[in-house]
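Chemist: Here are the chains, one letter per residue:
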Amino acid sequence: MGDTGAAAATSPEEQHPQKAFGWAARDSSGVLSPFPFSRRQGPPYYPMCFADLPLFLLYDSFFRATGDDDVKLKILYCGICHSDLHSIKNEWQNTIYPIVPGHEIVGVVTEVGRNVQNFKVGDKVGVGCMVDSCRTCDSCNQGFENYCPKWVLTYNSIHSDGTVTYGGYSDVMVVNKDFVIRFPDNLPMDKGAPLLCAGITVYSPMKYFGLNEPGKHLGVAGLGGLGHVAVKFGKALGLKVTVISTSPNKKKEAIERLGADAFLVSRDPEQMKAAAGTMDGIIDTVSATHPVAPLLSLLKVQGKMILVGAPEKPLEVPAFCLIGGGKSLAGSCIGGIRDTQEMIDLAGKHNITAEIEIISFDYLNKAIERLAKNDVKYRFVIDVANGSGGGVAHC
Amino acid sequence: MGDTGAAAATSPEEQHPQKAFGWAARDSSGVLSPFPFSRRQGPPYYPMCFADLPLFQLYDSFFRATGDDDVKMKILYCGICHSDLHSIKNEWQNAMYPIVPGHEIVGVVTEVGRNVDNFKVGDNAGVGCMVDSCRTCDSCEQGFENYCSKSVLTYNSIHSDGTVTYGGYSDMMVVNKDFVIRLPHNLPLDKAAPLLCAGITVYSPMKYFGLNEPGKHLGVAGLGGLGHVAVKFGKALGLKVTVISTSPNKKKEAIERLGADAFLVSRDPEQMKAAAGTMDGIIDTVSATHPVAPLLSLLKVQGKMILVGAPEKPLEVPAFCLIGGGKSLAGSNIGGIRDTQEMIDLAGKHNITAEIEIISFDYLNKAMERLAKNDVKYRFVIDVANSSSAA
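Residue numbers (the working numbering), protein chains in the order written: chain S, 1281 to 1675; chain R, 1491 to 1881.
Treat the hints as calculated values from the structure; they're not laboratory data. Values in this document were obtained by computation on a predicted structure and should not be read as measured data. Yeah, the Cβ is synthetic: ideal placement off N, Cα and C, and Gly gets one too. Mixed in with the good hints, there may be bad ones.
Claimed, not checked - Below, a sample of chain R positions facing chain S; criterion: calculated Cβ distance under 8 Å: (1) 1728; (2) 1792; (3) 1800; (4) 1806; (5) 1809; (6) 1812; (7) 1813; (8) 1816; (9) 1818; (10) 1819; (11) 1822; (12) 1823; (13) 1827; (14) 1868.
Chain S extracted, bound-state conformation (with noise of 0.2 Å):
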């Protein structure tokens, strides 16, 4: 179980007072089975002086179950990321037991705390992969909580209350107001869960490298959950976008679909030998080993290669590759909370979705076993209200 602290001491069911109910891997298998757990609630509340209080105020004080700063939410929609399938198999080394993962998580607000006043009972909102960072780190302060050492995962992490955070594949979440993300009314719920860790992870990076600019070309390597999602936003920010696969039976789906502008086969020598030197910034979403020399050749100079997928062993970079043509090779890992908003509104102007597969609890844990052969167009995502079937929902 390793470190998990205070969380050790009772069991995940006893933990809060906000029942909840979810799905969770219990051991290296990653097998998903429902779980009943509990949310946090609100310290009691009591005021400096009773008397200062209206007495409706002085109930609320004692009564109100969701804590101040917080917000509750019934969770209609959660993406599967593939960082889901990673932790529940433990695949990263740091899985604690029972694990619920979700990170994309949409819904309805039920419930907010006394001093939440950006969200209301009704609003749609998001939850992407962090609930809550230091707030006062140079990061947290430059807007970029996802680089915060103190930051706190939306699963697998221990919150500041020494509880482990279980994720959205699950029917209710309790936020600090500063970690939910206000949900664009006209994006479908469904189709917009995705973008909550798919769509920042490729935003973010594509701001903080200036490959935000119309008219810049973005080479966009590997075409899956993060990719996909990449294109649209490239294109909604007029950008000339190319897609680079290994797989040329995606140009098709890539052009037309998707509205790249070009499909270059990393595999063909002789196009990435004609595309060399012509993009500003490729974001590359492989996962999987693959040389990055080729890649590096398509920027051009002072051009940026930035890594969204983490290959397991080392990639090989040849310095001249960097060194003759200024070019950098940067990393990102998700974005910012001011930035999530940003990419979110950006969704909704221009109507960005994912291409999702929607399934019920049920299909869980064949889903996952799909996602691990890359057998999904590009995301599912679980209907939560409809699905949690397995065990009994709570409000």
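With the hints as your guide, set chain R onto chain S.
Modeler: This is chain R only, laid out in the frame that chain S set:
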């Protein structure tokens, strides 16, 4: 000889009318020996209408030796860069023999073309790694001539007239005015020479990647010709500078002589661990194959490590070392002309010079041997004016 274009048609002595004398390598042994050659002259100038010109200008039109946009200079000092060694031994498989190396050149202007307003006879001037570029591409327009695909290097490159360029291991040079650098009066010319390559090579990425803001923490990996200059520029810019080296015995020198704030032995895991996540950027000057993951671990989140030395074998870069903290591994290749002028002006302001060992041409081949063994602190500089008498 390769595709030397028009250069092959006539001998180097005959191509141009301005006689020059230098030292050249003739083959991949890399041995340098005296080499008479020639530098270019401007084409005769025919005014639209002779009647429009006063007589003295008419005379000038026909007889001024230096091209309209050119600066002619007497070379006084030239630094010896590691690239010179690679080039004369044809280690990059692109040497055009005979090759006259040298791209850390300082001297005095002896003649200027009619369009040259920014230099006059007697001015101290410098020439770095480039002598021309296309001037129209995006890189040129942004002041990054160093990334122009048509940039003409100071030696072993083909100029627009088809001739091969010859570098600073020689007594005189003719260079387009836009690629001549003004040298601050207070800088000693011999010690300033290496800045024209080593200086700009470290200064350009510091500027481009925002590592020039006071208070930032810069790591300098490797303490050779490039590294020792990086330390000095870092301190002049108000940075905290930590030298990262495999050699513990360089610590005293790094801190006491060069002014570094701290010293890290890269082979000491304890020291490296203690310094993890503390640096805004690292200039990696190491050209031997070396592990980069430990260096990347020294960076703060969103930190940048810039390679300016090029190991032969590919670097092994674990993706998570970059992704976890949003870090960048970049490369940088010298710098643009505007930045070179800015760099040397900054050097003048803060009295930044290279640590050098001065030699004459007689010692040139021996110096090359020693350089190959890294046996120099930190840069050889040829005293051209006082030693070219072997002619």
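Chemist: Against this structure, judge whether each hint is valid.
Modeler: Checked hints:
no. : hint : result
1   : 1728 : 19 Å, violated
2   : 1792 : 6 Å, holds
3   : 1800 : 4 Å, holds
4   : 1806 : 4 Å, holds
5   : 1809 : 4 Å, holds
6   : 1812 : 3 Å, holds
7   : 1813 : 3 Å, holds
8   : 1816 : 5 Å, holds
9   : 1818 : 4 Å, holds
10  : 1819 : 5 Å, holds
11  : 1822 : 5 Å, holds
12  : 1823 : 5 Å, holds
13  : 1827 : 15 Å, violated
14  : 1868 : 21 Å, violated
Of the hints listed earlier, those the structure fails to meet are numbers 1, 13 and 14, in rising order.
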